Amino acid sequence: MNQLAFEVGQTATPEAVQFYILAPIAVLAALGILVVKKAVHAALLMAWIMITLAIFYIANGAAFLGVVQVVVYTGAVMMLFLFILMLVGVDSSDSLKENLKGVRPIAITASVGIALLLVSLISRASLGREAAGIEVMNSFGNVEGIASLLFTKYVWAFEFISALLITAAVGAMVLAHSQKSADAQKSQRVKSVARFRGDSLGTAAGLPGSGVFARHNAVDVPALLPDGTPSELSVSKTLKARGDVIDGGKYALDQLPQANEAEKDFEGR
Amino acid sequence: MNEFQMTTTDLIGMDPGWLIAVKALLVFAICVVLTLFSIWAERRVVARMQMRLGPNRVGKFGLLQSLADGVKLAFKEDLIPKAADKIVFVIAPLISVSVCFLAFAVIPMSGPVMMFGRETAMQLTDFPVAVLYILAATSIGVYGIVLAGWSSGSTYPLLGGLRSSAQVISYEVAMGLSLVAVFIYSGSMSTSEIVASQDRFWYAVVLFPSFIIYVISMVGETNRAPFDLAEAEGELVGGFHTEYSSLKFALFFLAEYVNILAVSALATTLFLGGYRALPGLGFTESWLGGWFTMVWFFAKVLLFFFLFIWLRGTLPRLRYDQFMKFGWKVLIPASIAWIMIVATLRVLSAEGAPQIVIGGFTAAMVLLVLAGTSIYERSKARAEAKAHEVPDMPEPTFPLPVMPTGRTSAAGIVSARSGEGSERNE
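Just so you know, the protein sequences line up as chains A and B, in that order. If you want my numbering, it's the position in the first sequence, counting the first as 1, plus 5. If you want my numbering, it's the position in the second sequence, counting the first as 1, plus 14.
You may find that some hints are simply not true.
Claimed, not checked - Okay, derived cross-link-like pairs now, DSSO-like style, lysine-lysine, Cα gap no bigger than 30 Å in a straight line: (1) B:K400 x B:K339; (2) B:K400 x A:K196; (3) B:K74 x B:K86; (4) B:K400 x B:K343; (5) A:K245 x B:K96; (6) B:K74 x A:K196; (7) B:K343 x B:K394; (8) B:K394 x A:K196; (9) A:K196 x A:K242; (10) A:K42 x B:K100; (11) B:K343 x A:K196; (12) B:K100 x A:K43; (13) A:K42 x A:K106; (14) A:K242 x B:K86; (15) B:K100 x B:K86; (16) A:K245 x A:K196; (17) B:K400 x A:K42; (18) B:K96 x A:K43.
No lab work stands behind these hints, which were simulated from the structure alone. Model, not experiment: these values are computed from the prediction.
Using the sequences and the accompanying hints, generate a full structural model.
Next comes the structure, spelled out in structure tokens:
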């Protein structure tokens with residue numbers, strides 16, 4: 006775009022200055038996407054490139070395009086961000102390990118091919134006539150100019166693309182939306198009634214708290230039932246899965262003398 | 015009207031560089047001072063609503079309390095958690111705070127005034143897509159919150175950041191849609207032209223549904239109670255800023271309040287006639303050489319700010335699923351329907367349709383809305399009744415205590431024991 010403007014001899018000095026400052030930064034950020042390890046950093050650099058492009062648009066007189074670029078693509082990058090968190094994980098970096106054999110040469114061939122195609126096509130592209138210039142296009146105002154083109158000449162293309170996008174969005178929702186299990190659909194009221202009508206009233210008033218009647222009230226110490234046995238239900242399942250729970254049997258009532266001795270030993274040290 | 019609007023935009027366009035610099039400095043100073051004042055005001059007003067006194071020690075009426083707190087905050091130890099992503103952790107508050115001031119650049123705070131011997135208006139700049147620019151600025155601002163949440167390397171901030179991103183994506187849609195009706199009516203997206211086009215009626219009156227939708231979504235957009243899920247202190251400790259301290263936390267604090275003021279200022283500009291006086295008080299607009307319009311502007315902004323405080327003092331926090339359901343299933347469809355109605359009315363009147371057609375269309379729409387709500391209410395009542403149906407289960411058998419006569423209720427004890435036994439087996 007700027008190259009064209011140079012040839013027509015229209016580039017003002019401030020515009021040239023901002024181009025020479027921002028363009029290298031944008032290119033560096035684009036290269037950075039390939040280099041950085043963490044996917045979130047790549048998404049951030051992507052957002053930065055979008056903002057730089059928006060500044061270029063605005064500097065070239067396409068204010069509407071520039072602002073809409075920011076509004077739309079910041080939201081899009083935010084989505085990317087969420088996808089990263091959901092699919093890759095919060096902290097994980099890219100792994101360079103090849104999971105599928107032979108994918109790498111195919112990928113390299115495909116990307117080189119596409120790059121060659123793009124370069125050859127873009128280098129031969131031309132308007133087929135003289136560029137009208139932004140002043141002519143903006144003569145009725147930037148927003149009005151875009152609107153009149155979008156809703157007259159390109160209205161079908163516009164409508165088709167929006168239909169396509171809506172279809173894609175609905176498809177994504179259908180794919181992502183899992184059927185809820187019957188349990189998840191029960192209301193709070195139904196669940197509370199069910200608690201009292203089940204086989205056992207043991208959990209009618211909620212699960213027992215950890216450490217009740219036990220020697221310690223820490224979260225990883227199971228509560229003791231009236232007969233002195235530890236209650237498995239009183240300790241969080243997460244802790245159990247992590248293996249952070251002290252063996253409950255150690256604190257059973259009939260085991261107490263041993264536990265006392267062990268603690269005395271510990272304190273004596 | 016047209017001449018006036020041309021002059022406002024032209025006046026700003028003719029500003030020399032030094033005047034633009036002075037105005038930029040003024041806008042920045044106004045934002046910061048107003049933030050200090052509004053923090054104090056919020057604490058005092060909430061205190062009054064809760065029958066307390068609020069800060070009243072530092073300065074007259076405790077006015078300097080925020081300043082003292084700010085100084086204290088700056089001298090605190092600046093911690094960066096070990097698990098944090100250092101660069102992003104530092105950048106996040108900077109993004110938040112530098113973006114939140116951007117919106118004020120296009121807000122018209124006064125009509126034409128004399129400033130250092132030049133005629134101008136108290137508005138930094140204006141362009142044809144100024145309102146969209148504000149939307150863009152706020153959507154970048156959310157990055158600060160999301161990145162802060164992610165980079166802290168800790169669970170609660172991450173949850174806060176994720177909530178915030180989902181929240182903003184959903185409520186920005188409703189907010190953008192509520193602005194569309196204003197664009198249709200004023201025929202412009204430039205802030206000064208929108209203010210100029212409200213010389214007869216404020217859009218808060220003409221486009222009342224849009225106004226309501228905007229006010230709701232602006233509370234959602236700024237993470238304020240009852241929509242403050244991103245920093246819900248009862249659930250997420252401090253939410254996205256849990257791990258922040260010292261100046262970095264102060265920056266988030268500043269950004270939050272400047273954001274509140276910015277959305278209030280936008281609401282004033284789009285719906286309450288901006289710097290224009292109340293209807294019937296138009297003569298005050300020329301007082302003090304036009305500077306009195308700034309009093310009107312800030313009176314309206316502070317009115318909105320009071321609304322924020324009032325909401326915080328009154329409403330409990332929404333549950334997350336209710337909040338999302340409200341945004342997607344109520345606000346956005348209502349916005350779209352309302353825009354269709356507004357656009358149809360606008361086209362009808364622009365094409366010179368007879369009064370009876372316009373009136374008939376309006377009446378049909380009102381009837382449709384009434385019918386829709388009554389059908390909705392009925393189906394909702396039915397769904398609720400269904401959800402409350404008690405499942406088919408045996409009546410409970412409660413264990414009975416040992417009777418003092420010495421006799422025991424055998425059934426009771428048996429059922430109590432069996433209850434315990436099954437629990438142990440699980």
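Here is what the structure says about each hint:
1. Among the hinted pairs, B:K400 with B:K339 is consistent with the structure: their alpha-carbon atoms are about 20 Å apart, no more than 30 Å.
2. Distance restraint check for B:K400 and A:K196: the Cα-Cα separation of roughly 14 Å lies within the 30 Å cut-off, and the hinted pair is therefore satisfied.
3. For the hint pairing B:K74 with B:K86, the CA-to-CA distance comes to about 19 Å; that is within 30 Å, so the pair holds.
4. With a C-alpha separation of about 21 Å, the suggested pairing of B:K400 with B:K343 holds against the 30 Å cut-off.
5. Of the pairs offered as hints, the one joining A:K245 and B:K96 holds, with about 27 Å between alpha carbons and a cut-off of 30 Å not exceeded.
6. Distance hint between B:K74 and A:K196 is unfulfilled; the C-alpha atoms sit about 56 Å from each other, more than 30 Å.
7. Under the criterion of a C-alpha separation no larger than 30 Å, the hint pairing B:K343 with B:K394 is consistent with the structure, at around 14 Å.
8. Proposed proximity of B:K394 and A:K196 is supported: the alpha carbons are some 21 Å apart, at most 30 Å.
9. Taking the CA atoms of A:K196 and A:K242, the gap is about 20 Å. The hint holds against a cut of 30 Å.
10. Of the supplied pair hints, the one linking A:K42 and B:K100 holds, its CA atoms being roughly 15 Å apart against a limit of 30 Å.
11. This hinted pair checks out: B:K343 and A:K196 have alpha carbons roughly 26 Å apart, not beyond 30 Å.
12. Straight-line distance between C-alpha atoms of B:K100 and A:K43 comes to about 13 Å, which keeps the hinted pair within the 30 Å bound.
13. A C-alpha spacing of about 22 Å is found between A:K42 and A:K106, which places the hinted pair at or below 30 Å, so the restraint holds.
14. About 43 Å separates the Cα atoms of A:K242 and B:K86, which puts this hinted pair outside 30 Å; it is violated.
15. Taking the CA atoms of B:K100 and B:K86, the gap is near 24 Å; set against the 30 Å cutoff, the hint holds.
16. For the given pair, A:K245 sits about 25 Å from A:K196 by alpha-carbon distance, which is consistent with the 30 Å threshold.
17. A threshold of 30 Å between alpha carbons decides the hint, and for B:K400 with A:K42 the separation of about 52 Å lies outside it, so the pair is violated.
18. Simply put, B:K96 and A:K43 have alpha-carbon atoms about 17 Å apart, close enough for the 30 Å limit, and the pair holds.
Of the hints listed earlier, those the structure fails to meet are numbers 6, 14 and 17, in rising order.
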